[in-house]
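Put chain P with the ligands on the given structure of chain Y with help from the hints.
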Amino acid sequence: MKLDAKIPSGPIAEKWDRHRFEVKLVNPANKRKFSVIVVGTGLAGASAAATLAELGYKVDAFCFHDSPRRAHSIAAQGGINAAKNYQNDGDSVYRLFYDTVKGGDFRAREANVHRLAEVSRNIIDQCVAQGVPFAREYGGYLANRSFGGAQVSRTFYAAGQTGQQLLLGAYGALSRQIGSGNVKMHTYTEMLDVVVIDGKARGIVTRNLRSGAIESWAADAVLLCTGGYSNVFYLSTNAKGSNVTATWRAHKRGAGFANPCYTQIHPTCIPQSGDHQSKLTLMSESLRNDGRVWVPKQKGDKRASQDIPESERDYYLERKYPSFGNLSPRDIASRAAKEVCDEGRGVGPTGLGVYLDFADAIKRVGESTVAERYGNLFDMYERITGENPYKQPMRIFPAPHYTMGGLWVDYNLMSTIPGLHVLGEANFSDHGANRLGASALMQGLADGYFVIPITLGHYLASNPLEKVDTSHESFKAVENEVREKTKKLMSMKGKRTPDSFHRELGRIMWDNCGMARSTESLKKALQRIPALRAEFWENLNVPGADGDTNQVLENAGRVADFLEFAELMCMDALTREESCGGHFRVEHQTPDGEAKRNDEDFCHSSVWEHQGVGKPATLHKEALVFENVKLTQRSYK
Amino acid sequence: MNITLHVWRQKSAREPGKLVTYKRGDVSPDMSFLEMIDVLNEELAAKGEEPIAFAHDCREGICGSCSMMIDGMPHGPQDLTTTCQLHMRTFKDGAEITVEPWRAAAFPVVKDLIVDREAFDRIIQQGGFVSVNTGNAQDANAIPISKEAADKAFEAAACIGCGACVAACPNASAMLFVSAKVAQMAELPQGQPERYRRAKKMVDQHDAEGFGACRNHYECEAACPKGISVRYIAQLNRDYLKASVAVAEHAGRSSGPG
Ligand SMILES: Cc1cc2nc3c(=O)[nH]c(=O)nc-3n(C[C@H](O)[C@H](O)[C@H](O)COP(=O)(O)OP(=O)(O)OC[C@H]3O[C@@H](n4cnc5c(N)ncnc54)[C@H](O)[C@@H]3O)c2cc1C
Ligand code: FES
Numbered sequence: 000m001k002l003d004a005k006i007p008s009g010p011i012a013e014k015w016d017r018h019r020f021e022v023k024l025v026n027p028a029n030k031r032k033f034s035v036i037v038v039g040t041g042l043a044g045a046s047a048a049a050t051l052a053e054l055g056y057k058v059d060a061f062c063f064h065d066s067p068r069r070a071h072s073i074a075a076q077g078g079i080n081a082a083k084n085y086q087n088d089g090d091s092v093y094r095l096f097y098d099t100v101k102g103g104d105f106r107a108r109e110a111n112v113h114r115l116a117e118v119s120r121n122i123i124d125q126c127v128a129q130g131v132p133f134a135r136e137y138g139g140y141l142a143n144r145s146f147g148g149a150q151v152s153r154t155f156y157a158a159g160q161t162g163q164q165l166l167l168g169a170y171g172a173l174s175r176q177i178g179s180g181n182v183k184m185h186t187y188t189e190m191l192d193v194v195v196i197d198g199k200a201r202g203i204v205t206r207n208l209r210s211g212a213i214e215s216w217a218a219d220a221v222l223l224c225t226g227g228y229s230n231v232f233y234l235s236t237n238a239k240g241s242n243v244t245a246t247w248r249a250h251k252r253g254a255g256f257a258n259p260c261y262t263q264i265h266p267t268c269i270p271q272s273g274d275h276q277s278k279l280t281l282m283s284e285s286l287r288n289d290g291r292v293w294v295p296k297q298k299g300d301k302r303a304s305q306d307i308p309e310s311e312r313d314y315y316l317e318r319k320y321p322s323f324g325n326l327s328p329r330d331i332a333s334r335a336a337k338e339v340c341d342e343g344r345g346v347g348p349t350g351l352g353v354y355l356d357f358a359d360a361i362k363r364v365g366e367s368t369v370a371e372r373y374g375n376l377f378d379m380y381e382r383i384t385g386e387n388p389y390k391q392p393m394r395i396f397p398a399p400h401y402t403m404g405g406l407w408v409d410y411n412l413m414s415t416i417p418g419l420h421v422l423g424e425a426n427f428s429d430h431g432a433n434r435l436g437a438s439a440l441m442q443g444l445a446d447g448y449f450v451i452p453i454t455l456g457h458y459l460a461s462n463p464l465e466k467v468d469t470s471h472e473s474f475k476a477v478e479n480e481v482r483e484k485t486k487k488l489m490s491m492k493g494k495r496t497p498d499s500f501h502r503e504l505g506r507i508m509w510d511n512c513g514m515a516r517s518t519e520s521l522k523k524a525l526q527r528i529p530a531l532r533a534e535f536w537e538n539l540n541v542p543g544a545d546g547d548t549n550q551v552l553e554n555a556g557r558v559a560d561f562l563e564f565a566e567l568m569c570m571d572a573l574t575r576e577e578s579c580g581g582h583f584r585v586e587h588q589t590p591d592g593e594a595k596r597n598d599e600d601f602c603h604s605s606v607w608e609h610q611g612v613g614k615p616a617t618l619h620k621e622a623l624v625f626e627n628v629k630l631t632q633r634s635y636k
Numbered sequence: 000m001n002i003t004l005h006v007w008r009q010k011s012a013r014e015p016g017k018l019v020t021y022k023r024g025d026v027s028p029d030m031s032f033l034e035m036i037d038v039l040n041e042e043l044a045a046k047g048e049e050p051i052a053f054a055h056d057c058r059e060g061i062c063g064s065c066s067m068m069i070d071g072m073p074h075g076p077q078d079l080t081t082t083c084q085l086h087m088r089t090f091k092d093g094a095e096i097t098v099e100p101w102r103a104a105a106f107p108v109v110k111d112l113i114v115d116r117e118a119f120d121r122i123i124q125q126g127g128f129v130s131v132n133t134g135n136a137q138d139a140n141a142i143p144i145s146k147e148a149a150d151k152a153f154e155a156a157a158c159i160g161c162g163a164c165v166a167a168c169p170n171a172s173a174m175l176f177v178s179a180k181v182a183q184m185a186e187l188p189q190g191q192p193e194r195y196r197r198a199k200k201m202v203d204q205h206d207a208e209g210f211g212a213c214r215n216h217y218e219c220e221a222a223c224p225k226g227i228s229v230r231y232i233a234q235l236n237r238d239y240l241k242a243s244v245a246v247a248e249h250a251g252r253s254s255g256p257g
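Chains Y and P, in that order, give the protein sequences.
Here the first sequence is numbered in numbering that gives the first Met the number 0, starting from 0 and rising by one per residue.
Here the second sequence is numbered in numbering that gives the first Met the number 0, starting from 0 and rising by one per residue.
Excised from the complex, chain Y in its bound form (with noise of 0.2 Å):
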């Protein structure tokens, strides 16, 4: 495997410009010749399909989901961050590439980072043309509010539901596309293998989900734009449905997998209640604006909320992180979370939550205020926990909610597959080994409405490509591998279910891959996998047919490759011998307990080469080259 980044030459702040006017064009009476088969329609894959149409491609687009509407992207709440500087406040293209690549813990490639914050710009632009809701003020101009590892506002919102409201922009420009006959969609169809012919991606095999058909689909390049894999923790704030098949099949072909550890833990989600819990649900980072971060000074402290007095209440985020408090990023309000419950001092029923409190915010601005800034997210706390919000202080505790890794690509968006792209969070690109929020809706646009449109173009006008067709043998070998496999998921008629299997595999790695790992935790997880990888492939249980809906047998595909992905997942962590970001090893840590990197051995981005099921993956890296940012020990105190 080769990790050529192909990074163009030249200052930082030109690389987009220089590399626009040297990549090959396809004329626009060619575009047509060309069919691009598009994966996934979140904000990533919807906003390129639409894009490669308008430009004039013959798109194929294909999700899982009954609508484009309702990928995974809908649910995102806070905002989008761009480099606008509406607020005169000392933004700029620089400090956003700058906040980016010091968020991420300087585990991303510079030259990506440089070109997101550049096209942010446009990103906003483009949303308020397709007729997107952002926030306004008065005076009739985008609203905008801050979100954790900035010190400036550069985030455009629509109340709590941004990524709905963004969604529905690239879902109507696509919708415009399918209306016109451009693009051809393909809902309810879920993709289980890429094709490469002659090294080349070629197409993909799917399966549709409402007749169990097994069908094959041509083209002359593929676009992954299949999200994240927090799910394989089992529980995690994504949809019940997000999954790692696509890119894991993909991996499993020869794409190679970066950084499959750096996974985002979400300091602000509701606390489980049962072993019912089916999903953990997010209370936005924009909370953090206004509600202040506190658990009692003392251990056991079984006070109710407002019987603690002030005085003996620790705001830990302000204590420990003046310059930036309660919006500290990420990472580190995660951790924090964790230390003061492993402390004793974590509130509610379980210990395993710390308050978020809005009282402050509701005097100094008033209640109606708070309800117009957030009140969808206080509805939604009270629905599910039975508690008024505005009443007594919400109690939040941290849940996997983002994966930075993902497939590599390079600058063009190109796995090592040549021909596979991979866009939105489904490729390891931009956010390092932490991502700060607001940054992955600007991500998933920035993909597919501004860079992919460009770089898909020089790869078709670059590589001569022969014309195949369904009827390719290769498509019927992976065709007949598809459904063997299917037929041995239903034949097996042991004693579990899918879901059991992935609870289990969740709480090992929640408990040993989660938001501290070691040596050990990590080897324990590295035996225990394995085993839970035999006995599904013997005692799994699937019931009903395979030749109409069975949301069963989708579920136990997806968990199959969770328990092969997952194994990835720890080894990446266990050879990783650093801190950075989301990635906390406990053998290394600064002696006031924060994320010690080491650059020295570790400034790379690891990229794994899959050697077969159950055996160990060749590992490649990507040296990361930083001339811009300096590389400092991260501090936000």
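Since the hints were made in silico from the structure, they are not lab data.
With a straight-line cut-off of 27 Å between C-alpha atoms, the simulated DSS-like cross-links for lysine-lysine are:
| id | chain 1 | residue 1 | chain 2 | residue 2 |
| --- | --- | --- | --- | --- |
| 1 | Y | Lys-484 | P | Lys-10 |
| 2 | Y | Lys-523 | Y | Lys-620 |
| 3 | Y | Lys-239 | P | Lys-22 |
Far from chain P, by Cβ distances over 10 Å, these chain Y residues were calculated:
| id | residue |
| --- | --- |
| 4 | Lys-30 |
| 5 | Val-369 |
| 6 | Asn-462 |
| 7 | Glu-472 |
No residue lacks a Cβ here, since even glycine has one placed at the ideal position from N, Cα and C.
Then chain P with the ligands, alone, in the frame of chain Y:
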């Protein structure tokens, strides 16, 4: 808690369905309605029986996937709440609860509680957008939009496309859904150029899909988990009328003597 469930089971659109009764003990009031069904489904699957198929994904009330008719009410008894956000503490110990799919000709049953809502997508494809290509846009602050208009557009845009409005309507009309999208765009300057054409095309597709006409029952507003207001329907009717007049005038002109 003890709960008795009567759940609609139907293998496919081609086969008839029926209500099947399941008795549940040990239901925790902190469970969501879907988690209660998850636990039942795990038991069914472990016995080798087919679990109850139902649509869901985000479980946060935003994706619009979940869609259960609970005791004859779309998304159940709690106001402004989707099925996935409904918690068992809303029900009394010993309650009997009937769970069915959305019922509408334009939403055929796929299996058990899952219905096909692609008609909604086809309506949006007819005009639920601003026709702007990527790259066309000017600076986002070039056109100020009053906070009031932006807030109104946002309120209309809050629709999650779940279809509760259709399920609630005696005529299975989807006018609340259509009018919310039309109203969002009508509030904004960006939506003006295509305003009337959009209204006409979306309503025509609505009718073509087999949704019924709106007869002002207003059950839709009461059922909507996002509180979308029926006044959008009145506004849509006005826009539709204008569009029709414009089309008629246009037709009149072109068929008149040169
Ligand atoms: C609760 C929550 C709140 C968030 N809030 C914010 C925020 O405020 N700001 C921010 O910047 N980020 C936020 N994020 C993160 C952000 O929402 C996601 O990272 C982002 O939306 C991912 O977009 P995507 O297009 O890459 O993937 P997704 O939206 O996950 O879309 C994946 C698509 O791929 C399809 N798919 C997947 N696998 C297959 C397959 N095998 N076959 C066919 N189709 C497939 C799915 O159907 C779907 O269409 C939040 C995340 C969560 C969980
Ligand atoms: S599951 Fe998404 S709205 Fe209920």
